[in-house]
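Below are the chains, spelled out letter by letter.
2 protein chains.
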Amino acid sequence: MEIKTGITYPDGFLVSGISCGIKKNKKKDLALIYSTKPSVAGGCFTTNQFKSYSLLLTQKNIKNPIYAILINSGNANTCNGEENWKYTNLIIQKLGELLKIPPSSILMGSTGIIGKVLPYEKIISSLNTLVKNLSDKNSKKAAEAIMTTDTRKKEAEINTGIKGRKKEVVIGGMAKGAGMIYPNMATMLAFLTTDAVISQDALQMSLNEAIEDSFNMISIDNDQSTNDMVICLANGVAGNKTIHLDTPDYFKFSNAMKKICISLAKQIASDGEGAKKFIEVKVKGAWCSKDARRVAKKVVGSNLVKSAIAGGWPNWGRILSSIGSTNARINQRNIEIKLCGIPVYKGNPLHFSEKKIRKLLTKKEIFIEIDLKRGNSEATAWGCDLTEEYVKINRRE
Amino acid sequence: MEIKTGITYPDGFLVSGISCGIKKNKKKDLALIYSTKPSVAGGCFTTNQFKSYSLLLTQKNIKNPIYAILINSGNANTCNGEENWKYTNLIIQKLGELLKIPPSSILMGSTGIIGKVLPYEKIISSLNTLVKNLSDKNSKKAAEAIMTTDTRKKEAEINTGIKGRKKEVVIGGMAKGAGMIYPNMATMLAFLTTDAVISQDALQMSLNEAIEDSFNMISIDNDQSTNDMVICLANGVAGNKTIHLDTPDYFKFSNAMKKICISLAKQIASDGEGAKKFIEVKVKGAWCSKDARRVAKKVVGSNLVKSAIAGGWPNWGRILSSIGSTNARINQRNIEIKLCGIPVYKGNPLHFSEKKIRKLLTKKEIFIEIDLKRGNSEATAWGCDLTEEYVKINRRE
Chain H
107 MEIKTGITYP
117 DGFLVSGISC
127 GIKKNKKKDL
137 ALIYSTKPSV
147 AGGCFTTNQF
157 KSYSLLLTQK
167 NIKNPIYAIL
177 INSGNANTCN
187 GEENWKYTNL
197 IIQKLGELLK
207 IPPSSILMGS
217 TGIIGKVLPY
227 EKIISSLNTL
237 VKNLSDKNSK
247 KAAEAIMTTD
257 TRKKEAEINT
267 GIKGRKKEVV
277 IGGMAKGAGM
287 IYPNMATMLA
297 FLTTDAVISQ
307 DALQMSLNEA
317 IEDSFNMISI
327 DNDQSTNDMV
337 ICLANGVAGN
347 KTIHLDTPDY
357 FKFSNAMKKI
367 CISLAKQIAS
377 DGEGAKKFIE
387 VKVKGAWCSK
397 DARRVAKKVV
407 GSNLVKSAIA
417 GGWPNWGRIL
427 SSIGSTNARI
437 NQRNIEIKLC
447 GIPVYKGNPL
457 HFSEKKIRKL
467 LTKKEIFIEI
477 DLKRGNSEAT
487 AWGCDLTEEY
497 VKINRRE
Chain P
107 MEIKTGITYP
117 DGFLVSGISC
127 GIKKNKKKDL
137 ALIYSTKPSV
147 AGGCFTTNQF
157 KSYSLLLTQK
167 NIKNPIYAIL
177 INSGNANTCN
187 GEENWKYTNL
197 IIQKLGELLK
207 IPPSSILMGS
217 TGIIGKVLPY
227 EKIISSLNTL
237 VKNLSDKNSK
247 KAAEAIMTTD
257 TRKKEAEINT
267 GIKGRKKEVV
277 IGGMAKGAGM
287 IYPNMATMLA
297 FLTTDAVISQ
307 DALQMSLNEA
317 IEDSFNMISI
327 DNDQSTNDMV
337 ICLANGVAGN
347 KTIHLDTPDY
357 FKFSNAMKKI
367 CISLAKQIAS
377 DGEGAKKFIE
387 VKVKGAWCSK
397 DARRVAKKVV
407 GSNLVKSAIA
417 GGWPNWGRIL
427 SSIGSTNARI
437 NQRNIEIKLC
447 GIPVYKGNPL
457 HFSEKKIRKL
467 LTKKEIFIEI
477 DLKRGNSEAT
487 AWGCDLTEEY
497 VKINRRE
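These protein sequence lines are chains H and P, in that order. Numbering-wise, this note's numbering comes out as the position in the first sequence, counting from 1, plus 106. Numbering-wise, this note's numbering comes out as the position in the second sequence, counting from 1, plus 106.
Hints are computed from structural coordinates only; laboratory data are not their basis. A few of these clues could be false.
One copy or two, either will do: identical chains are not told apart, so a pair holds if it fits within one copy or between any two.
[As the list claims (entries may be wrong)] Think about it this way: if two alpha-carbon atoms lie no more than 30 angstroms apart in a straight line, the pair counts; the simulated DSS-like pairs of lysine-lysine are:
no.	residue 1	residue 2
1	K166	K462
2	K358	K452
3	K372	K273
4	K143	K206
5	K461	K206
6	K243	K364
7	K243	K465
8	K358	K498
9	K444	K129
10	K396	K133
11	K465	K166
12	K372	K200
13	K452	K166
14	K388	K238
15	K206	K462
16	K200	K388
17	K461	K132
18	K143	K470
19	K470	K498
20	K247	K382
21	K247	K470
22	K498	K469
23	K498	K372
24	K269	K132
25	K396	K200
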């Protein structure tokens with residue numbers, strides 16, 4: 107028997123994940139999140155000028171009380187012709203009838219190949235099975251159904267420390283990523299559920315803040331896919347005192363939200379296409395937080411740094427060059443770099459045991475620490491190495 | 107016997123290229139360009155905050171009358187400790203003595219690995235041979251000596267149509283590139299020579315304008331290596347009427363300058379590390395030229411577009427997604443994309459023969475045309491596909 111993990115960690119959420127035939131070999135490709143109570147929803151969306159019809163529908167409905175999120179993988183529902191807006195609405199209409207909820211209370215997410223007609227008939231004819239399979243034990247099936255080139259499911263759950271009527275307020279989540287994430291355009295989807303009683307603006311703000319330090323540190327703002335979205339549903343089942351922006355519990359809630367988003371973001375980063383190693387770049391001593399973010403993201407996203415790490419080559423020159431290519435304020439004469447905990451540069455190259463560092467670079471988790479020596483701001487970014495496998499995956503369908 | 111090509115195409119320039127032992131296996135790694143007359147020099151340099159000591163020396167001397175440019179490959183002379191500034195000056199001092207010219211009339215360029223002490227003794231002990239080998243028939247040897255992971259020499263020459271005392275004013279050039287160029291940080295070096303009589307500001311301006319439409323269309327401004335430089339020497343041997351910014355010949359000169367820079371830039375793009383295919387992205391119908399450039403560079407630099415082309419996969423969705431990820435003004439309902447001359451998208455997906463397009467995608471040169479349908483500005487960017495080979499090259503030294 108499966109236990110309550112991920113998006114079913116909070117009470118009041120039933121989910122399912124099945125195969126409807128979009129993907130080959132009966133791989134799961136359709137997921138449903140159903141909230142037994144009307145939920146408040148918060149969402150963040152791609153800045154790409156081309157947007158998936160599913161995403162447009164979600165943006166249209168998100169301020170309504172929400173009962174369900176339908177997610178398909180294998181088809182992006184983007185740039186595939188205007189008739190697909192009709193198909194999207196047909197699907198939602200049908201799902202509304204089955205769940206006995208208004209179509210305007212349903213959100214939708216899609217991920218997969220751009221420009222292909224949405225196989226709406228396959229989806230519609232599977233909705234009945236999808237609804238029948240709803241259960242609070244199916245979170246792993248749902249997490250599997252949203253995968254594309256991901257090699258593993260991504261789930262997380264966290265307690266907030268906020269007292270509810272009978273038990274603590276909690277948050278659960280699932281995500282999909284893959285692609286090289288940054289600097290490119292793999293779709294990043296994340297869905298979060300919570301039993302908190304929270305106002306819409308407090309939920310949205312906590313999501314905005316959390317995303318800044320988590321998903322945005324693995325993907326560049328201006329370079330998002332046509333389908334990226336992060337959605338959180340709050341169904342209020344915990345019966346806690348309503349969380350507002352100015353209530354003390356807001357801090358606890360947004361703190362937990364940040365932690366769960368960072369956990370999902372790191373899972374996405376370490377599962378980049380073809381990735382063999384997870385990379386964490388920690389920047390401190392920055393003039394401002396923007397500088398810190400900029401440098402951390404630049405270094406973690408550099409193809410040259412990523413491929414050096416793939417090869418276990420302690421080429422700190424590429425890290426330095428990458429830092430210098432930003433316009434962040436730096437103290438050139440004192441800037442410090444540590445690779446796997448070993449100081450390699452401090453204004454000048456340092457002597458280090460290349461043998462020792464090469465051994466550390468064979469590990470699965472690689473840490474790069476940079477001290478810009480110009481201020482007190484910090485930021486951390488996450489990514490993965492660049493391997494031949496990445497290119498193989500992206501050469502063809 | 108070698109003929110006068112590349113940087114020896116204009117009269118009055120002697121060059122040589124030899125091995126001094128920085129690279130293994132006696133590969134050429136040291137080049138010298140010597141002008142028999144004092145030259146006016148123009149230069150454009152990297153915006154990277156970390157700069158090579160060779161580049162700093164060049165920036166210091168460039169406004170002086172210039173007699174020589176020394177270039178080494180195999181060592182970037184960057185972030186390798188402050189004593190290397192001394193070594194750089196020692197080398198220039200010694201070269202000045204041999205050539206009987208002031209050290210302040212010498213420029214220097216370096217390319218190779220960052221953070222290694224410059225083997226100045228090897229360089230200094232080879233200067234004598236380098237000077238002895240000076241000839242106007244050695245341009246290919248010089249072009250070879252500046253290569254790193256380049257697989258072929260890059261040379262170009264052009265006539266300007268401007269009358270000199272006895273013959274036409276001409277321009278010659280050589281370059282090195284490799285790396286994936288954009289979005290990363292392979293060093294791009296280009297050296298141009300001309301026999302034109304031209305003022306320093308006219309030379310500099312023509313270089314600035316040419317670079318904008320050539321080298322800058324293969325590499326992103328904010329993401330340059332620590333060593334990038336383009337230098338042009340004008341020795342006045344042609345004896346033409348001096349070219350100023352406001353004389354009619356300026357247009358002819360800068361037009362030729364743009365053409366030769368585009369030729370070198372395209373050679374660099376098609377020889378990216380591991381590249382099997384050359385990609386040209388032509389954008390028209392842009393609101394302004396900045397929008398056109400932004401879109402062209404974004405598409406040509408997208409790892410997903412580049413790897414799809416490597417695999418011969420007509421995934422136009424990745425092109426569209428890449429366009430949408432910029433903030434360029436576009437007409438979403440009319441935007442047009444042609445791949446290898448075949449229309450694949452026009453506001454909606456178009457029907458096309460996948461078989462035919464896949465056949466065209468096996469060619470060595472791939473053309474992507476984009477019409478944003480928002481204005482009259484145009485731009486063209488160049489790049490190459492992304493292959494497994496690229497990753498292999500960059501995994502280790």
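Inset, instruction - Quick one: which hint numbers does this structure break? Sort them smallest to largest. - result: Going through the list in order, the structure violates hints 1, 2, 5, 7, 8, 10, 11, 12, 14, 15, 16, 18, 24 and 25 and respects the others.
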